[in-house]
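Student: What follows is the residue order along each chain.
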Amino acid sequence: MGAFLLRRIFQGMLVVLGVTLVVFVATRMVGDPAKVMLPLSATDAQRAAFNHQMGLDRPLGAQFITFVGDLSTLDFGDSLWQRRPAIQIVFERLPNTLALIGLGLGLAVTLSLPLGALAALRPGGVADRVVVFGGLFGLSLPQFWLGLLMIMFFAVTLKILPTSGVGGPSHYILPAVTLAIPSLARLMMLVRSSVIDELNQQYVRTARAKGMRFHTILFGHALRNALVPFLTLAGWEFISALAGYTVVVETVFAWPGLGLTAMKAIERSDLFLLQAIVFTVAIMIVIVNILLDVLYKLIDPRIKLA
Amino acid sequence: MTEMDMMSEAALLEIDRLCVEFDTRGGVVHGLRGVDLSVRRGETLAIVGESGSGKSVTAQAVMGLIDVPGRIASGDIRWKGQSMLSREGLAMAQDIRGKDVALIFQDPMTSLNPLMTIGAQIGEVLRRHLGLSKIQARTRTEELLGAVGISAPRRRVDQYPHELSGGMRQRVMIAMAIACEPQLLIADEPTTALDVTIQAQVLELLAGLQETLRLSVILITHDLGVVAGLCHRVAVMYAGKIIETGLADDVFERPSHPYTQGLIRSTPRLDDQMERLIAIEGSPPSLLAPPTGCAFSPRCPLSEPKCAEQPPLVAVHAGASAACWHPATPAWREAPALAEAVS
Chain H
1 MGAFLLRRIF
11 QGMLVVLGVT
21 LVVFVATRMV
31 GDPAKVMLPL
41 SATDAQRAAF
51 NHQMGLDRPL
61 GAQFITFVGD
71 LSTLDFGDSL
81 WQRRPAIQIV
91 FERLPNTLAL
101 IGLGLGLAVT
111 LSLPLGALAA
121 LRPGGVADRV
131 VVFGGLFGLS
141 LPQFWLGLLM
151 IMFFAVTLKI
161 LPTSGVGGPS
171 HYILPAVTLA
181 IPSLARLMML
191 VRSSVIDELN
201 QQYVRTARAK
211 GMRFHTILFG
221 HALRNALVPF
231 LTLAGWEFIS
241 ALAGYTVVVE
251 TVFAWPGLGL
261 TAMKAIERSD
271 LFLLQAIVFT
281 VAIMIVIVNI
291 LLDVLYKLID
301 PRIKLA
Chain Y
307 MTEMDMMSEA
317 ALLEIDRLCV
327 EFDTRGGVVH
337 GLRGVDLSVR
347 RGETLAIVGE
357 SGSGKSVTAQ
367 AVMGLIDVPG
377 RIASGDIRWK
387 GQSMLSREGL
397 AMAQDIRGKD
407 VALIFQDPMT
417 SLNPLMTIGA
427 QIGEVLRRHL
437 GLSKIQARTR
447 TEELLGAVGI
457 SAPRRRVDQY
467 PHELSGGMRQ
477 RVMIAMAIAC
487 EPQLLIADEP
497 TTALDVTIQA
507 QVLELLAGLQ
517 ETLRLSVILI
527 THDLGVVAGL
537 CHRVAVMYAG
547 KIIETGLADD
557 VFERPSHPYT
567 QGLIRSTPRL
577 DDQMERLIAI
587 EGSPPSLLAP
597 PTGCAFSPRC
607 PLSEPKCAEQ
617 PPLVAVHAGA
627 SAACWHPATP
637 AWREAPALAE
647 AVS
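Keeping their order, the protein sequence lines are chains H and Y.
This note's numbering puts the first residue of the first sequence at 1, with every later residue one more than the last.
This note's numbering puts the first residue of the second sequence at 307, with every later residue one more than the last.
It should be emphasised that the hints constitute simulated quantities derived from the structure, not laboratory data.
Among the clues, some could well be false.
Within a straight-line C-alpha distance of at most 20 Å, the following computed DMTMM-like cross-link-like pairs (lysine to aspartate or glutamate) qualify [to be verified]:
| # | chain 1 | residue 1 | chain 2 | residue 2 |
| --- | --- | --- | --- | --- |
| 1 | Y | K405 | Y | E349 |
| 2 | H | K304 | Y | E469 |
| 3 | Y | K405 | Y | D529 |
| 4 | H | K297 | Y | D464 |
| 5 | H | K304 | Y | D464 |
| 6 | Y | K405 | Y | E394 |
| 7 | Y | K386 | Y | E487 |
| 8 | H | K35 | H | D70 |
| 9 | Y | K440 | Y | E487 |
| 10 | H | K297 | Y | E469 |
| 11 | H | K35 | H | D57 |
| 12 | Y | K386 | Y | E320 |
Listed next, with one range per pair, are the computed distances between beta-carbon atoms [said to hold, decoys possible]:
| # | chain 1 | residue 1 | chain 2 | residue 2 | range |
| --- | --- | --- | --- | --- | --- |
| 13 | H | V130 | Y | E615 | 48 to 58 Å |
| 14 | H | F214 | Y | P375 | 37 to 47 Å |
| 15 | Y | S439 | H | T110 | 28 to 38 Å |
| 16 | H | F4 | Y | R575 | 51 to 61 Å |
| 17 | H | P301 | Y | S439 | 21 to 31 Å |
| 18 | H | L139 | Y | I441 | 41 to 51 Å |
| 19 | Y | L396 | H | V130 | 26 to 36 Å |
| 20 | Y | S439 | H | P229 | 30 to 40 Å |
| 21 | H | I290 | Y | D329 | 42 to 52 Å |
| 22 | Y | Q442 | H | F10 | 38 to 48 Å |
| 23 | H | L139 | Y | A397 | 41 to 51 Å |
Derived coverage of chain H by chain Y (criterion: at least 3 residues anywhere in the stretch with Cβ under 8 Å from a Cβ of chain Y; other residues may be distant) [stated by the list, open to error]:
| # | stretch |
| --- | --- |
| 24 | 198 to 204 |
| 25 | 210 to 216 |
Where is the CB? At the ideal position from N, CA and C, for every residue including glycine.
Start from the sequences and build out the full structure, keeping to the hints where you can.
Tutor: This is the structure:
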């Protein structure tokens with residue numbers, strides 16, 4: 001396990017290096033940063049001055065070395081929009097996004113397992129129909145619309161929850177639930193179909209022939225085997241949320257998270273801030289992937305860690 | 307008669323006119339059509355027959371493994387005289403299965419949970435039925451693995467099924483089945499999925515265990531050679547019914563039912579000079595609409611109009627009964643040395 005972790009961390013660093021290169025190339029070579037960042041009315045002299053100030057007139061190789069050097073101290077340059085270090089903004093916003101993802105996906109993961117398993121006990125039964133209908137419903141709702149409906153109902157009509165923004169614990173409820181619902185629907189449907197599959201496996205018949213009690217068969221045998229595909233999807237949910245999927249929820253609820261910040265950075269052509277965000281998200285994704293691999297190994301001994 | 311004899315005479319398991327049906331899109335499949343069987347203490351009973359004849363369904367019915375779309379339509383299964391299908395019997399059956407009656411499945415490759423160590427899988431039976439602690443269960447599991455001929459049991463308990471060969475896994479299945487010292491072991495084609503060399507070892511192990519544990523065994527197989535070597539009694543199944551039953555030696559020496567004769571006739575012999583295998587012409591009837599009369603009559607050389615009526619299972623001679631209107635008549639012209647064929 002130790003050697004595996006070291007290897008994965010090394011591989012992760014390679015991935016981060018690759019991302020660095022792409023970010024570097026994307027910001028410097030695809031179009032002219034000065035044109036993107038300065039107003040249209042800027043003169044050629046102003047652009048040249050900007051390029052010189054940012055070091056963009058030096059040879060690419062030299063720029064890359066400086067870029068990597070700055071990265072190692074997490075220096076992404078100053079945000080043009082807020083006039084302060086970009087990484088500072090990222091660190092301010094990241095916890096908000098992580099809390100939202102943690103709550104939302106935590107909710108989806110904890111509810112999907114019992115609901116999916118309940119549906120799988122009797123395919124075609126009442127519980128199954130309710131779960132499948134609810135699942136399809138949750139999958140088909142556009143998230144922004146769902147968010148707006150929830151604001152209208154809980155915040156405007158009932159006035160029991162705040163409409164948007166951050167504050168006390170009650171501010172978390174609507175964004176987290178809105179983020180959770182599509183994930184919950186997907187995960188629940190997956191748990192349902194994999195538990196149905198597992199309950200029909202030969203080893204379940206063995207367990208029944210051994211006289212094992214039903215809850216042992218369901219929890220000890222079938223559900224545990226169903227966790228392997230579940231983990232794959234849950235990991236994907238987490239990564240896609242990190243990689244910007246939260247932006248819809250953050251926009252609807254004016255949630256000061258990374259997604260909303262990234263949107264603003266794009267709107268304001270703030271390349272340095274965008275760089276910092278992309279880089280941070282990439283590192284987070286690498287970390288999540290390593291954790292997922294470890295979890296896989298813990299659940300399924302057949303998986304070789306290589 | 308001493309008390310011991312009385313005990314050994316009483317039937318451990320009785321199956322009484324058992325009918326199992328499966329609801330399919332095409333209609334109701336009559337998997338079992340009135341099966342009568344009984345197993346006494348210490349006895350080895352073989353159930354033979356081709357695929358689809360109802361051998362495995364019989365075993366599954368005893369183990370309570372008939373699932374939707376299947377159901378037990380009528381008949382009874384009794385354990386020491388107590389019905390396992392009645393309302394009170396169901397609870398009792400839950401505690402008997404895995405403890406007093408155990409099943410070994412055909413395919414050891416898929417019959418073990420891939421995510422649990424074999425120690426945990428054997429241990430859970432011990433904890434469920436005997437209430438052992440984790441540590442006690444582990445010690446006992448190591449003993450059991452040793453008893454079924456697995457070397458280095460201390461190391462093996464912590465291994466997962468994918469780390470074991472097919473033969474090893476079947477030994478683990480056997481260890482699991484004998485964990486609570488059952489009185490009846492049902493082995494559903496226990497060697498079909500194994501290499502020929504391993505087959506003999508596994509059968510030897512079963513025979514040895516039967517002797518040391520004084521087990522009753524129901525061996526489900528289509529290998530007549532296995533039956534002749536291991537079993538006291540044999541029941542031949544065809545199309546969901548038992549068509550011949552009796553002492554193994556009698557049935558093989560003097561098969562009464564034409565189907566049994568055909569089965570023995572088609573068993574290949576090592577010293578055979580013939581180039582082609584002998585088969586019984588035709589195929590078994592569809593159990594969607596089973597014939598009212600003898601199900602074998604379309605394939606039977608002795609078939610006559612009377613066969614449209616179901617023959618009862620009656621004693622043909624001291625050792626055996628058969629369900630045939632003209633039992634003990636040679637159905638095929640050449641007379642193969644039947645006893646030799648299976649020995």
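Student: If a hint holds in the structure, say so; if it doesn't, say that too.
Tutor: Taking the hints in turn, this is what the structure says about them:
{"no.": "1", "hint": "Y/K405 <-> Y/E349", "verdict": "holds, 18 Å"}
{"no.": "2", "hint": "H/K304 <-> Y/E469", "verdict": "holds, 12 Å"}
{"no.": "3", "hint": "Y/K405 <-> Y/D529", "verdict": "violated, 28 Å"}
{"no.": "4", "hint": "H/K297 <-> Y/D464", "verdict": "holds, 16 Å"}
{"no.": "5", "hint": "H/K304 <-> Y/D464", "verdict": "holds, 17 Å"}
{"no.": "6", "hint": "Y/K405 <-> Y/E394", "verdict": "holds, 18 Å"}
{"no.": "7", "hint": "Y/K386 <-> Y/E487", "verdict": "holds, 17 Å"}
{"no.": "8", "hint": "H/K35 <-> H/D70", "verdict": "violated, 23 Å"}
{"no.": "9", "hint": "Y/K440 <-> Y/E487", "verdict": "holds, 18 Å"}
{"no.": "10", "hint": "H/K297 <-> Y/E469", "verdict": "holds, 15 Å"}
{"no.": "11", "hint": "H/K35 <-> H/D57", "verdict": "holds, 14 Å"}
{"no.": "12", "hint": "Y/K386 <-> Y/E320", "verdict": "holds, 8 Å"}
{"no.": "13", "hint": "H/V130 <-> Y/E615: 48 to 58 Å", "verdict": "holds, 53 Å"}
{"no.": "14", "hint": "H/F214 <-> Y/P375: 37 to 47 Å", "verdict": "violated, 20 Å"}
{"no.": "15", "hint": "Y/S439 <-> H/T110: 28 to 38 Å", "verdict": "holds, 31 Å"}
{"no.": "16", "hint": "H/F4 <-> Y/R575: 51 to 61 Å", "verdict": "holds, 56 Å"}
{"no.": "17", "hint": "H/P301 <-> Y/S439: 21 to 31 Å", "verdict": "holds, 24 Å"}
{"no.": "18", "hint": "H/L139 <-> Y/I441: 41 to 51 Å", "verdict": "holds, 48 Å"}
{"no.": "19", "hint": "Y/L396 <-> H/V130: 26 to 36 Å", "verdict": "holds, 29 Å"}
{"no.": "20", "hint": "Y/S439 <-> H/P229: 30 to 40 Å", "verdict": "holds, 34 Å"}
{"no.": "21", "hint": "H/I290 <-> Y/D329: 42 to 52 Å", "verdict": "holds, 50 Å"}
{"no.": "22", "hint": "Y/Q442 <-> H/F10: 38 to 48 Å", "verdict": "holds, 45 Å"}
{"no.": "23", "hint": "H/L139 <-> Y/A397: 41 to 51 Å", "verdict": "holds, 42 Å"}
{"no.": "24", "hint": "198 to 204", "verdict": "holds (count 3)"}
{"no.": "25", "hint": "210 to 216", "verdict": "holds (count 5)"}
When held up to the earlier numbered hints, the structure conflicts with 3, 8 and 14 and fits the remainder.
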